[in-house]
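Each step along the sequence shown adds one to the number in the working numbering, with nothing skipped, and position 71 is 71.
If you are wondering where the hints come from, they were derived from the structure by calculation, not from laboratory data.
Virtual Cβ for every residue (Gly too), placed ideally from N, Cα, C.
Careful: at least some of the hints might be erroneous.
[Stated by the list, open to error] Just the calculated beta-carbon pair ranges, DEER-fashion: (1) G125 / G48: 15 to 23 Å; (2) R81 / H38: 16 to 24 Å; (3) A45 / G125: 15 to 23 Å.
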Amino acid sequence: MTEEPVASHLSHPAPGPALSVALMSQDFSAATVTTLRHRLTAAVAAAGLTGDAGYDFVLAVHELVTNAVRHGGGHGHLDLRRQDDVLICEVSDRGAAAGSLPVRLPAVDVAGGRGLWLAHQLAEGLILTRGLPGLTATVTACLSRAEAPDGTPAIARRQAEPDRPVEEDEQ
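Generate the whole structure from the sequences, applying the supplied hints.
See the structure below:
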């Protein structure tokens, strides 16, 4: 009779739920965009995302914030959190965006329309979610590999990966 093998101990601990730590939560309007950017810069640096990668992430979030002010009713809400080695920033507004949102570079003779494209290029990921209250744009940055081994910032890496897909959830 053969016995079933039994594990006497686990060599690796079983992964538990990811720990999410809130770093910043703030409402904003056109009057508070600059103050928000300064607070965000400090929070991102304190979380360990510095240099070009930190600057890229802050710029990506800033583009989403200014889009919320311009197209989302003049105000919104920002939530920044860390989940394991990933920074996650959600920018929500009450805007009613009609149709699909362009995440592409417009023609050079078109004024504006580059905010979502820039956020997509500068962050590790961009997800657009529509819900009843409005739109939420979420960007992420990996803390452990924010820059390439040669120090290349995120935007330079993204330019080598044109037309990366962007996820959009419709609720």
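Quick rundown of the hints versus the structure:
The hint said 15 to 23 Å for the Cβ distance between G125 and G48, and at roughly 18 Å that hint holds. The hinted window of 16 to 24 Å between R81 and H38 holds, with their beta carbons roughly 19 Å apart. Here the CB-CB span from A45 to G125 is close to 20 Å, well matched to the stated 15 to 23 Å.
Taken one by one, the earlier hints all hold for this structure without exception.
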